[in-house]
Every structure is written in C-alpha cells, then in structure tokens.
Amino acid sequence: MFEQDDLNKLYRFCYSLTLDETAAYDLLQNSLEKFLKNNSEKQHKLAFMYQIIRHQFIDEYRKQSKQKSEPFEEQEYIDFDVKTLESIHIDEDLIEQVLDYLDPLEREIIFYWAIEGYTTQQIADMLSMPKGTVLSKIHRMRQRIKQQFPTSQAQPSLHKEELKE
Amino acid sequence: MKQSLKYSVQQQLNQKSLSTQQLNQLLALQKTKTTSANRNLPWHKVTAVASVLMLSFILSLYFTDNYYVSAQLIEQRIAEEVAENHLKLKPLEVNGNTLEGISQYFEQLAFLPLNPTLFSLSKQNLLGGRYCSIQGITALQLRMKSSNNKVQTLYQTQYDKQVFKGFPMGEKVTVYVKGMRVDMWVEKDILFALIE
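Note that the protein sequences, when read in sequence, are chains A and B. For the first sequence, the working numbering gives the first residue as 2, with consecutive numbering after it. For the second sequence, the working numbering gives the first residue as 809, with consecutive numbering after it.
I should point out that these hints are in silico values taken from the structure, not numbers from a laboratory.
Here are some of the chain A residues that sit facing chain B, going by a computed Cβ distance under 10 Å:
#1 GLU22
#2 ALA25
#3 SER88
#4 LEU95
Think about it this way: if two alpha-carbon atoms lie no more than 25 Å apart in a straight line, the pair counts; the simulated SDA-like pairs of lysine to any residue are:
#5 A:LYS38 with B:LEU831
#6 B:LYS814 with A:ASP94
#7 B:LYS810 with A:SER88
#8 B:LYS814 with A:GLY118
#9 B:LYS814 with A:GLY133
#10 B:LYS839 with A:ALA24
#11 B:LYS810 with A:PRO151
#12 B:LYS814 with A:GLN122
#13 A:LYS38 with B:ALA856
#14 A:LYS38 with B:ALA836
#15 B:LYS824 with A:TYR26
#16 B:LYS810 with A:GLY118
#17 A:LYS10 with B:GLN818
#18 B:LYS810 with A:ARG141
#19 A:LYS46 with B:GLN823
#20 B:LYS814 with A:MET130
#21 A:LYS35 with B:SER827
#22 A:LYS10 with B:GLN838
#23 B:LYS853 with A:ASN39
#24 B:LYS814 with A:ILE96
#25 B:LYS824 with A:MET127
#26 A:LYS38 with B:VAL857
#27 B:LYS814 with A:ASP7
#28 A:LYS132 with B:GLN818
#29 B:LYS839 with A:ASN9
#30 B:LYS814 with A:THR120
#31 A:LYS147 with B:GLN820
#32 B:LYS824 with A:ASN31
Beta carbons are placed, not taken as given, at the ideal position from N, Cα and C, and that holds for glycine.
Kindly generate the complete structure, drawing on both the sequences and the hints.
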C-alpha cells in the first residue's frame, strides 16, 4: 500500500508529465489500478510505479501528439551530466513556463533529478535509455532553456565541479 | 529574483498535492483491491498446487503399492501362485507313476526334472504331471496322492536369479496360503514347491 507521502510524490510525477492536475490524477489512478491488479507485491513499489505511470502516460497521452525526434551526436555531449542543470538559474516566476516549454520526457528527467535526486545513470535506467542518450537530452534541454529564456543564467563555476559524479 | 532551476522545480512541484478527497479515494482504492485480491485467491495457482499434491498422492499410492508388491516376499508370491494352481486341479497331461517315466513327455522344459532330496518322490503315489508356470517361468507340476488319500502337488522350475531374487537359499521355507501348507526350497538350481 502506498501511504499519503508516496501518493503525493507519485502525483507530482504525474503532474510533471501532464502539467495538468486533473490529467495527473487520472493518470495516477489508472496506474495505481494497474499496479494493484498485478504487481502489488513488488519489492521496489515506488520505482515500479514510476515505470507504470510512464508507460501509461505514453499510452494515453504521448501518442496523441507526435513526438519530434531529433538526431543527435551522443559522443559530442558526453561530458555533461544531469548535475550540469544545476548551473541554470531562472526567475522564480518563469518556472511554470519553463516546465511547459519542455517536453514530457525532459520534464521526466527534471523530476528524477530535482525531486528524486537521481544520478544520470539512475535516470537512464529509469528511462531504459543508454546513458549517452540521456546526456544528450540534458545537454539539449539546457541549450533550449538558455535560448528560450535568455534571462536564465548558467554558472560555469558550479558546472566544473558538478561534472564529477 | 533568480533561483536555481532545481530549487524552482522543487518548489513548483511540491506545491502540487492530492486533495483530501482524491487521497481518500486512492487509499480506498488500494484497500478495496487489496481486500478483494486477498479474497479472490489466484485460483489458477491454487488449482496447480492442488493438482501437484493430488498427483504426488496418487504416485505415492502407486509406488507404495508397487513397493508392497515388490517388497512382498518372493516365497509368499510363489506360494500364492502354486496354491491357486493346486486348487484348480487341472487335468494331467501325462500319467505315470515314476518321474523317469513321465519326464520324457516334458521335453519343452529348460531344465531336467529332478527327484529332490528333501522330498522323496519314490515314496509317493505319483499320478502324473502337466506343464505350468511359476512367476512366468515354465514349470512342471507333479501330482501325487498321499497315503491318507490327500492330493499333493510338487512344482519344480529352474531357479531364475532375477525372477526369484531374494528367495532364501539353503533352507526350506514354509508358507501357509488359504489353509494350505506350501514348502519351498532350492536344490541343484531347481526351485521346488510342495503343496497339499
């Protein structure tokens, strides 16, 4: 059974994917039903629920809007990890717009990084992606935020230290 | 005011929480599903386990029965078989009052009929003999009439080590079957069974 704290955490995850409170609740409820149907005795319940929510979200929402797939060179960005996002500073009023600007996968990465405190490798495991792919996405996300929100600041001094994972 | 992206995300998302009603619904959902899951046993698993147990039980009975049969003393099995034959008193195939006289008839035997030392045929009133089998091995049965007018049958067959495995060697064994006494022994590689 998930207690109140876990349910709220899962709800926040759903919200970070949908950016809509009603949709987030629906997503959570559907996923919870799926979890309870077959997997209620899993050991790592929370991590497993993240996976269910993710797949449920892909089924329900993402296929409605075509995801743009951008080619990228993974090796080119291999020096970046999720902590490089910590160099970004934004106006506090802009966070909603930033989240809205990002696509669901980017928000999922943001959630694992900011709320769960996962490392790049852990995020890659959660997303079932190669670490290089996640690094590329982080790099691109960082670039996009900087371009779209010019007032945001990247602090290079922090960046070098954060590279060491 | 500028804040780190991480802090801003945390602040933004942590503001989001389920309403009391939503929370109660989800807690109730879990409770309902858990209860019904407990109530609705996975019958396919239960059935599978029950089948395995049943099969084990049947197999154990089968093997116990077979074990009993195989563990049943060979002399007991021989005694029961010859007793059964003795009661039928099937017609003799050859008549004669000496073993030598009737032995020629039994040319299909894989052994030479013997005059045992533990039982003197010469003192008996031999009537004749017929083919039979003991535990699937071709045998000879000799019918006699004792001095007190009782019919006796002496069986003899080759001692097959596989078939008669476990038979006590070097001693006469006596088993009673259906009120009849059966004496059995092995002599010169021939198994004898005498019943009256």
